[in-house]
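Mind docking chain B on chain A? Use the hints.
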Amino acid sequence: MKFLIGTFLWALTLIAVCEKVDVYRTGYAIEQLRAEKKQAQHEQRALELELARVTAPEQIERVALTKLGMIRPRYDQVVLVGPRPKPVPPPSQGVLPVAHFATQ
Amino acid sequence: MFEPREKRWRVIAAGVLLGLGFFVILARLFQLQVIQAADLGQKAGRQHHKVLTIEGGRGTIYDRSGKILSMNLDVPSVFGAPRVITDTRRTASHLARVLLADAGQVEAKLKNGRDFVWLERRLAPDKAERLRALSLPGIGLIPEARHFYPNGTLLAHVLGFASIDNEGLEGLERRYDAQLRGERGHFIVERDALGGAVFPKGLNYAAPSAGKDLILTIDEVIQYIAEQELDQAVTKTRANGGVAIVSEPKTGAILALAVRPTFDPNRPGSDANLSRNRAIADIYEPGSTFKIVTAAAALEEELFSPDDLVYGENGKYVVEKTVVHDHHKHGWLTFAEVLHKSSNIGIIKVGQRLGPDRLAKYVTAFGFGQKTDVDLHGEVRGLTKQPHAWGPRSLASISMGQEVGITALQLAMAVSAIANGGWVMRPYIVSEIKASSGLTLARFEPAARRRAISPTTSRVMIDILRGVVLPGGTGTLAALSGYDVAGKTGTAQKLDPNTGRYSKTRTVASFVGFLPADDPQLTILVVIDEPKTEQWGGTVAAPVFQRIAAQTVQYLGILPRDVSGQVLAAQAPGTSKRSKSLGKRYGFWEDEPNHTAEEHVLAELDRGPLREVAQKSVVAGLGRAGEMVRLGRKGVMPRSVQSSVAASSRARSVQD
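As they're listed, the protein sequences go chains A and B.
If you count the first sequence from 1, position 53 lands on 53 in the numbering used here, and the numbers rise without skipping.
If you count the second sequence from 1, position 364 lands on 364 in the numbering used here, and the numbers rise without skipping.
Next comes chain B alone, as it looks inside the complex:
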């Protein structure tokens, strides 16, 4: 038995011990829960929670009927974790066999002592499958986004390409990089003992935003037609390159833009010469196609009428101590014949009556020397000089398309202005920006930049240009039976850098025109750079125009007319009531061709001259039914840079 005193001592001792123990625990708790709480909390979080990052994915680009032109897809990349690999040599030899790489190099990569090493990025699916089957320890596959262009080289210069790090480098991929690029998202999941994800913690979820999709005005089929024909012409004539543009003259929408030489955006390479979009980034002296501008200016200023006579000087004319020749000797020509026969001397005389100031005014009015504001990356302004900087021969040279540097797209838009009643339209390629959910975020509409000539001048010019493809004109090979074609040939001599003179063998052959002349639906421009077998625009470029036009009108269902102007399709078997209803059911027929709205707006535009437009701020949209665009106070579109910046920022604000 214990003595009571001893008993108390023991109780006290036990109490103190317990108290001390309790105090130690309390202190430790205080240390863990209060002093180190933040640090330890983070540590625990790292162990229990896992942050998963999800790439937003780059947007898809579609043509105008919804065909995919470029798309993102996750493909596996293979990596190694060298510290986990036990038998490096064996692993390397397995890998080398699948990846078709050198075993020594793979082994060297795996021996570098790092925790992580990329072995090959963005593998072909079959290689990934074989690697998965091998299931080598320390070798893993991670999905990474890769951009695919399913049509290969088709539309390469317009689409451009994106880098391996999802950054747009050329073309639309660069111009619309901010829209196409998605935003990364992340969410936090709890981990189990093996490190696997258990379930997401709802509150910590930041959804990735997928990049926006672009809908283009380009039509895949017309683009294919243009590229094929351009390809054949460039190959056949052994030319350095070429450009073909198909657009809608009333809206400025680009239906096809083909450039040669070309590249495959799936494997872009580093040759900037191939990826450069020559239609907007290269300037050239247009030669005779530019005579359209001189002639339209003279008509607009009422200095000539189509039947006025101009003396052709029998093919030789001295301008400022330089002899100008015509290809054929001409005596008296009518103003219209000056263009039909593409007389240099005739057009120089027209230019001389026009004078430098007025000629320069129309060169600017038609959009030369300024960017067209097309929504593509890398456009140049071209080279035009103000009259005070002109030399003594400049007036003559510029009248016939020398001493000016233009882009192919500028010319296509200028000729579209002749076709549509005088409006210089802003060319555009993207018609809509959509969220990945399908919601339309922005829609781009046709926009007129300014009026260059009056509707009357436009009609007279169309009439004159029709004669170019008729017998006796220089562009007969562009004629297409069933359609009234209006156009102009061009054969521009190139400057020889060695002699500083115009070369007789190196030319730029071109043809620009539109059809049907009485209601233009298509403007087509063909430029062939330095054809070797032949030189003339009428023999090299006009046939390409004709072939592109023939296939495109048939594809679009633009109906031919007979000599009296009757639509030929009315005679076709599909016009009976039964076949018409069948046609409607299968989408071949519409009740009415959809022109009325366009015509209405065009008529609206034609009521007053530009000055009135400037004061009134009229509705000046062209294009599809019901789509209209309000012009600014001056009746002139602002720079597309501004509008597109506004577009992108608004597109973003909508998305936010």
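Extracted from the complex, chain A is given alone in its bound form:
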């Protein structure tokens, strides 16, 4: 009987320790993933910024004129084939809770 109880307690302790170890291991993994996510987000923002930098109108014109040998068209060299669609801002996610501030 004593042996059985002893074994049972021992097993319980082992399980508890294993659980705790597991919790810590998962904790470390979460922390690592969090750091990776942060790093990835940071890199994404850096890339977005770099994209904005290289697609700035001034930059595009510089590359077009100096590297690609393009020239600015004269006014009469441009023929419009139709109205241009209105610019679309980045899509809004979710419902519009409030609008029309310029009222009252």
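FYI, nobody ran anything at the bench for these hints, they're computed from the structure.
Cβ atoms here follow ideal geometry from the backbone N, Cα and C, with glycine treated the same way.
Keep in mind that a hint or two might mislead.
Chain A stretches covered by chain B per the calculated footprint, using a threshold of three residues with CB under 8 Å from any CB of chain B [as the list claims (entries may be wrong)]:
1) 38-47
2) 54-60
3) 74-84
Sample of chain A residues lacking proximity to chain B, with all beta carbon distances greater than 12 Å (derived) [to be verified]:
4) Phe-3
5) Gly-6
6) Thr-7
7) Ala-11
8) Thr-13
9) Cys-18
10) Leu-51
11) Thr-66
Below are the EDC-like pairs computed for lysine to aspartate or glutamate, each with C-alpha atoms no more than 16 Å apart in a straight line [stated by the list, open to error]:
12) A:Lys-37 <-> B:Glu-534
13) A:Lys-38 <-> B:Asp-102
14) A:Lys-38 <-> B:Glu-144
Just chain B now, with coordinates in the frame of chain A:
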């Protein structure tokens, strides 16, 4: 063998000892667990738990098609822990080589005996990389947020800039600081033996809230066009500075606002002269462009019709003992020709018939002497006087645009009112505020402040102003083939501070106009301050207007018309069924230009005069399809300060 007595004594002694020991332990436990519980608990918490603070990060600013205009990014800052550093000299020399600093100074910083010292904040990425590779003991890198403006000087005066401590100092960064600024968050993690974070304790997590993003009405490309053309004109004429504004007359949305001289918000410097937004913070005497107001007032009061004759006095006219000259001598002119030829004498006579009270009424109605309520920081009201404070020559002076101080933006909005049927719109630059998740928190819509003139007067004025750019007018260099341009030149002499008189050499040359005249889509204002090579608005500013207009209509796809008014694009090869469907697929084509809603609302507005509007509280929105704005009971927009305060507080309440 022990005697029973001795045995009992020993048992008692052992019992007492054990009891005492137990009591001591109990007392100690009581002391630790009850008396010092709070203190020790905190201490333990400090050792086991670590509080991580996370900056919310400043919001991003986008142009109207989603191009990034300013953005926050974490960049490393390098610090030293002097007490940990063993070989200060060697460390300093390594650091100096990477940071391109003086080794002596770095060493002095590291020797100051403190626990922590900043060595350089917000490093360039390559420097940070080299420092990381060196892995010097006692030297570390911490990420800190820095605000970047990827377009450099583009739109600098509108964007403004934020300080190193994430505080908006100028422009939109200041005006919308409360929205752009994020809130710090923190969470508590358990520490391991080495002090590293193990895992977060879920309940103690306070998420940082990232700053909100702004979507502007500005179009990056139009802004670039305006800045380039303004730049060239200012350089070519060796002017002191200049302003160019491109806006939508029907909505008041600002598409471009260029100011020279300029600065780079990435390195703002301390010269307020460069960072001042001259379009809203500087007042100037407009000169002839202001004749539009006098003429519109006279038409609205039905004192003149376009064909009525005004005598030009052959170029010399005495007003209150002062001789007023015209640049060219004119005899009889029609009312319309007074504006075409920009006759000072003609417009003075118009003003004289109008009288001080009525002229002052329209000056106010067009929005002069009041802030336009644009959502930018640092706007001034301008200088206008009430008739009782006018001098004997004031009526004549104000009629031709002297003795009034206005801002460039006020003039752009006044001329937009001529273009859109009489409505003075509130100019605006921010069209939306979004949470970082993409959720729209606030949307700003076009708002009319008041009606200045009737649609009929507006149509007549448009017709007259078309003549300014036709042969014989002063603004022929603003004409653009394929488009009806309406506008007005201005050449204002500046007051010489030394003599107190108007200078003959120092002028403000300007041109303000809109196009296409029959359905105005763009109002463009160009102001060049003190051009040195030439002086006239017609020769200095009108060509800049024309070049900005030419590129902008082509960029926006505003179709030209031939002499008979036919849209020229109909002849272009893209109109076949096949190319139209291809065009649609690639986004070049729309079925219909998106004007109908605007026209509908404009027609709605035009049904009754302002008085009726005041009583009825009508829907008075202009702008994109389906977007409407309800005016207040008086039919007049309240101060933007109020609306924007309301906007910011509501934006916040939504976010909360």
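Against the structure, the hints:
no.	hint	result
1	38-47	holds (count 3)
2	54-60	holds (count 4)
3	74-84	holds (count 9)
4	Phe-3	30 Å, holds
5	Gly-6	27 Å, holds
6	Thr-7	31 Å, holds
7	Ala-11	26 Å, holds
8	Thr-13	22 Å, holds
9	Cys-18	17 Å, holds
10	Leu-51	8 Å, violated
11	Thr-66	16 Å, holds
12	A:Lys-37 <-> B:Glu-534	59 Å, violated
13	A:Lys-38 <-> B:Asp-102	34 Å, violated
14	A:Lys-38 <-> B:Glu-144	14 Å, holds
Hint compliance for this structure: hints 10, 12 and 13 are not met, and every other hint is.
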